[in-house]
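Colleague: Protein chains in written order, with the numbering used here: chain X, 1 to 774; chain V, 775 to 974.
Hints are not guaranteed to be accurate.
[As the list claims (entries may be wrong)] Facing chain V, from chain X, some residues (calculated, C-beta under 10 angstroms):
| # | residue |
| --- | --- |
| 1 | N83 |
| 2 | R86 |
| 3 | V218 |
| 4 | Q227 |
| 5 | G231 |
| 6 | R233 |
| 7 | G236 |
| 8 | E246 |
| 9 | A250 |
| 10 | R251 |
| 11 | V630 |
| 12 | Q648 |
| 13 | P658 |
| 14 | E685 |
| 15 | P689 |
Honestly, the hints are just simulated from the structure, not real lab data. Predicted, not measured: the structure shown is a model, and the values here were computed from it. Cβ coordinates follow ideal geometry from the N, Cα and C atoms, glycine included.
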Amino acid sequence: MTADPRAADRRAVVPLDPAIAPPGSQGFRDAGGIPADKWHADQHGETLVPTHCCFCGVQCGMYLRVDRHGKVFGVEPRNHDINRMRLCPKGIHAYQQVNHPDRLTAPLMRRSRDEELREVSWDEALDFTVSEIRRIQRDHGRDAFGVLGGASLFSEKTYLVGKFARVALKTRHVDYNGRLCMVSAAGANKLAFNIDRAGNPFSDILLTDCLLLAGANVGECFPVLTQYVWGARDRGATLIVVDPRETAVARTADIHVALKSGTDSAFFNAVLNVVIEEGLTDEAYLAAHATGWEEVKATVAQYPPSRAAAICGIPAEQVVQVARAFARAPKAMAFHARGIEHHTQGVENCLSVINLCAATGHIGKPGAGYGTLTGQGNGQGGREHGQKADLLPGGRSILNEEHRRQICEIWGIEESELPTAGTSMMEMVWQMQRKEIRGLIGICNNPFVSLPNYAVVKEGYDTTEFHAQFDFFLSETAANAHVVFPVTVWAEDEGVMANAEARVVKHNKAQEPPLGVRTDTWVMCELARRLGAGDKFAFDRTRDVFDELRRASAGTIIDYSGITYERLEETGGISWPCPSTDHPGTPRLFEDGTTYHADGKIHLQVVEWHPPADPYDDDHPMTLTTGRTVAHFLSGNQTRRLGGLVEQTPRPWAEVHPSHGFRNGEPVRVVTRRGSEVFPALVTEAIRPDTVFIPYHWPVPTAANALTIDALDPRSKIPEYKVCACRIEHAGTVDEVPAPPVASGHVAYPETQVSRTDPLPPTAPQGRGTSERG
Amino acid sequence: MMGRTIFIDPGRCIGCQACVSACRECDSHRGKSMIHLDYTDEGVSVASLPTVCMHCEDPVAPCAEVCPADAILVTADGVVQEADATRCIGCANCVNACPFGVPKIDLQAKLQLKCNLCYDRTAYGLAPMCATVCPTGALFYGTVEELQAERPGVQVADTFVFGESEVRTGVAMVVPAERVQWPVPGGLPVVEINGKDVRR
Ligand code: SF4
Ligand code: SF4
Numbered sequence: 001m002t003a004d005p006r007a008a009d010r011r012a013v014v015p016l017d018p019a020i021a022p023p024g025s026q027g028f029r030d031a032g033g034i035p036a037d038k039w040h041a042d043q044h045g046e047t048l049v050p051t052h053c054c055f056c057g058v059q060c061g062m063y064l065r066v067d068r069h070g071k072v073f074g075v076e077p078r079n080h081d082i083n084r085m086r087l088c089p090k091g092i093h094a095y096q097q098v099n100h101p102d103r104l105t106a107p108l109m110r111r112s113r114d115e116e117l118r119e120v121s122w123d124e125a126l127d128f129t130v131s132e133i134r135r136i137q138r139d140h141g142r143d144a145f146g147v148l149g150g151a152s153l154f155s156e157k158t159y160l161v162g163k164f165a166r167v168a169l170k171t172r173h174v175d176y177n178g179r180l181c182m183v184s185a186a187g188a189n190k191l192a193f194n195i196d197r198a199g200n201p202f203s204d205i206l207l208t209d210c211l212l213l214a215g216a217n218v219g220e221c222f223p224v225l226t227q228y229v230w231g232a233r234d235r236g237a238t239l240i241v242v243d244p245r246e247t248a249v250a251r252t253a254d255i256h257v258a259l260k261s262g263t264d265s266a267f268f269n270a271v272l273n274v275v276i277e278e279g280l281t282d283e284a285y286l287a288a289h290a291t292g293w294e295e296v297k298a299t300v301a302q303y304p305p306s307r308a309a310a311i312c313g314i315p316a317e318q319v320v321q322v323a324r325a326f327a328r329a330p331k332a333m334a335f336h337a338r339g340i341e342h343h344t345q346g347v348e349n350c351l352s353v354i355n356l357c358a359a360t361g362h363i364g365k366p367g368a369g370y371g372t373l374t375g376q377g378n379g380q381g382g383r384e385h386g387q388k389a390d391l392l393p394g395g396r397s398i399l400n401e402e403h404r405r406q407i408c409e410i411w412g413i414e415e416s417e418l419p420t421a422g423t424s425m426m427e428m429v430w431q432m433q434r435k436e437i438r439g440l441i442g443i444c445n446n447p448f449v450s451l452p453n454y455a456v457v458k459e460g461y462d463t464t465e466f467h468a469q470f471d472f473f474l475s476e477t478a479a480n481a482h483v484v485f486p487v488t489v490w491a492e493d494e495g496v497m498a499n500a501e502a503r504v505v506k507h508n509k510a511q512e513p514p515l516g517v518r519t520d521t522w523v524m525c526e527l528a529r530r531l532g533a534g535d536k537f538a539f540d541r542t543r544d545v546f547d548e549l550r551r552a553s554a555g556t557i558i559d560y561s562g563i564t565y566e567r568l569e570e571t572g573g574i575s576w577p578c579p580s581t582d583h584p585g586t587p588r589l590f591e592d593g594t595t596y597h598a599d600g601k602i603h604l605q606v607v608e609w610h611p612p613a614d615p616y617d618d619d620h621p622m623t624l625t626t627g628r629t630v631a632h633f634l635s636g637n638q639t640r641r642l643g644g645l646v647e648q649t650p651r652p653w654a655e656v657h658p659s660h661g662f663r664n665g666e667p668v669r670v671v672t673r674r675g676s677e678v679f680p681a682l683v684t685e686a687i688r689p690d691t692v693f694i695p696y697h698w699p700v701p702t703a704a705n706a707l708t709i710d711a712l713d714p715r716s717k718i719p720e721y722k723v724c725a726c727r728i729e730h731a732g733t734v735d736e737v738p739a740p741p742v743a744s745g746h747v748a749y750p751e752t753q754v755s756r757t758d759p760l761p762p763t764a765p766q767g768r769g770t771s772e773r774g
Numbered sequence: 775m776m777g778r779t780i781f782i783d784p785g786r787c788i789g790c791q792a793c794v795s796a797c798r799e800c801d802s803h804r805g806k807s808m809i810h811l812d813y814t815d816e817g818v819s820v821a822s823l824p825t826v827c828m829h830c831e832d833p834v835a836p837c838a839e840v841c842p843a844d845a846i847l848v849t850a851d852g853v854v855q856e857a858d859a860t861r862c863i864g865c866a867n868c869v870n871a872c873p874f875g876v877p878k879i880d881l882q883a884k885l886q887l888k889c890n891l892c893y894d895r896t897a898y899g900l901a902p903m904c905a906t907v908c909p910t911g912a913l914f915y916g917t918v919e920e921l922q923a924e925r926p927g928v929q930v931a932d933t934f935v936f937g938e939s940e941v942r943t944g945v946a947m948v949v950p951a952e953r954v955q956w957p958v959p960g961g962l963p964v965v966e967i968n969g970k971d972v973r974r
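Based on the sequences and whatever the hints tell you, model everything.
Modeller: Structure (structure tokens):
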């Protein structure tokens, strides 16, 4: 046992082998534990508020530094056992949002889009919103008004979004931006295991003998996870990376499979084919714990390595190497992310990985299992409690009689009043184009940058008669709205998020919101009150919402009833299901071999590869793929304003292979069937010659999503961001990127201004080599 | 070599620049980063390499040796401090003397700035900001024994050659175990001078 009592507590929650701590984690003192008279910061009367990063699904622990006037002014690393002091640049800069000069501090309003947005009182903004909701619903029916939520919100708020839509607006149209994130993995996990979450905690990576990362750019999207990846490598684990680009992690992998975007399931079927051919399956495990194996076996027989090599554009030997490395390892794990999920066969891609894990018996053991890496901080929790079009709290189905009855009882409404399932985020935009949805409330999302096929999105929103948006910065989407409600940033309220391990963590309030700013909870409850549903929304604080959420999830698979704010503070996080207050939570699933299906088995699913939605032809012979950079988050509404991050990556670029003859920094026109845009070239051998990559964090005229296709996976309804047909051409000039103004004062570093006027792409600063300096 | 120091492991670096961001947050020079990243294999791979002050031991801190104003002090535990603002005259001799390209001059303030191993933190038992946050452990702070306990078989070097000169440093570099080179060639190869390829 260790001498640190907190370490002992933590192990009660996550079974981490004390002999295997992540590299560099030992021997440092937690800044929070520095005696008050020793640490310089305390001498200035500052306090450290323990909380978590607001950005990605790792949910790193951090302290916010609060000065003696109660203002957040800095960050200090925190020895939370998710991240052990580590932070990525986004986490380090996150605090700069809190008192950023661009914060909205009064409601904005206009009666028509011909007018400018002007500051109004809260009463005026709320009254106008309520009268528009009433007018649209009276004239066109309840379902003519929709709500789009966000997975950056605390779980309490996402619960409230679902309840607000169904109880206060009584509309079936509610969905959220997690629809653009990991719903493919969610769909696959539900089909195979009937539980929608990763199977293992991050700490299991340290125990594995073979780590497979499929379409997961860990270095840029989940940087803090690399400590686990390198920890596994230090202990001799084989690292396999499947990615069309040579990412920072792929660079050091034992096997890097640089396949063509959109061919993942063909590859994984072929890997399974070799596993079977070489007799490396775990037949005993399959016989005892899986259904559908014979059908899967018959299908993958059609995928010999030679076929995968032809489809995926890789050497056939790589299929064999991966099959042997993964199947022969005593313990192997597979993690995937948007790279295989953002496809019209996103669900099938994830299922093909699950088939591989199950066939080799790598499930439900320390160091063996599967997981998906969530992009948004609450990508996991954001869909658990009823923000998704077809789900009620606790992951209940809105189409299931029994589930509907249970929730109506908790909400105190008649079952006949509860709407049925709605449509997905992209489909709602199509409905807006067709005037089926005429009014919309958006809560902390930015579809103008984050949805594919910008022209369609713009037309949908422009057609909408009334649009209100909650946000703390004026995003591109908020700038289109009739009403903008200024709401709190994460550090101004408390609440929980569930990270990519399904570990629920508690965020704490570090400062009071600026004058004029209200919490999302308050705004939703006040709108509900003015709509006549006040008795169902009598929540004073986010904390009260959590209590109702716990009750509403009791008895379901996504059971939060045993999780309390106090327990979260004591333990540093609890993984659901957690059915009682003395239950330790469930960091690892299926340890006893049973899944959450009624028969307790893994339901293996047959997967057939099919080509992406946008066909290649002579005019569009190449693949456009999109993704992130480490300095920016999602639509960039938050990170494009923070000086250090803007300096690191000021603008997007088009990454192309040297074989196309571009010089670094030269303008490249990228043309798809949706349009064309010009970017500076970043020339590197680290990308396939038939592929172009553009990071998507910027608005038009340099928005990757003006070019991507709005084709959806038929089951998860996730858009196919990761592949569309394109061509590249030499262009005259690079269009200027309209970055939002960098705030004055403490967030703007002098270097930032220099890099913002530099016409070259951010080559070195964002960590990707170029063939020559321009 | 010092007891606790920074170890740089380029094999782990993902080029995320968390170190650069964190360095800006350090209270001793808030808003300015004293660390920089090099890209050693541009156009071919994404390899990157962070450079902090190497806290040279032998010869003792070339930057300090050449300072005409005696502004750069070396502490008993081997930390080469940034220039004392009351002495520094901003002449940039240190910039020219440093074989690793570390010190910078704030032209407006006419003052030198460089990494001082987060003396405000290390003096109290904390790691420097860069090594604390580095998500990958490419920057590690501790003793060589602590490093080797966590990364079995790891090899480090603390001596670098620049032409005919050798410099032994307080900060060490992880080198490939199967190809231990002693000492390590310092600096990047010269490829171009005034636009001319001088590789032959
Ligand atoms: S963005 Fe993710 S990896 Fe970076 S500090 Fe925040 S939680 Fe950690
Ligand atoms: S923080 Fe670490 S991994 Fe990131 S660039 Fe710096 S040294 Fe490399």
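Colleague: Against this structure, judge whether each hint is valid.
Modeller: Here's how the hints hold up against the structure:
{"no.": "1", "hint": "N83", "in the structure": "holds (8 angstroms)"}
{"no.": "2", "hint": "R86", "in the structure": "holds (5 angstroms)"}
{"no.": "3", "hint": "V218", "in the structure": "holds (8 angstroms)"}
{"no.": "4", "hint": "Q227", "in the structure": "holds (6 angstroms)"}
{"no.": "5", "hint": "G231", "in the structure": "holds (8 angstroms)"}
{"no.": "6", "hint": "R233", "in the structure": "holds (9 angstroms)"}
{"no.": "7", "hint": "G236", "in the structure": "holds (9 angstroms)"}
{"no.": "8", "hint": "E246", "in the structure": "holds (6 angstroms)"}
{"no.": "9", "hint": "A250", "in the structure": "holds (9 angstroms)"}
{"no.": "10", "hint": "R251", "in the structure": "holds (5 angstroms)"}
{"no.": "11", "hint": "V630", "in the structure": "holds (5 angstroms)"}
{"no.": "12", "hint": "Q648", "in the structure": "holds (5 angstroms)"}
{"no.": "13", "hint": "P658", "in the structure": "holds (7 angstroms)"}
{"no.": "14", "hint": "E685", "in the structure": "holds (5 angstroms)"}
{"no.": "15", "hint": "P689", "in the structure": "violated (14 angstroms)"}
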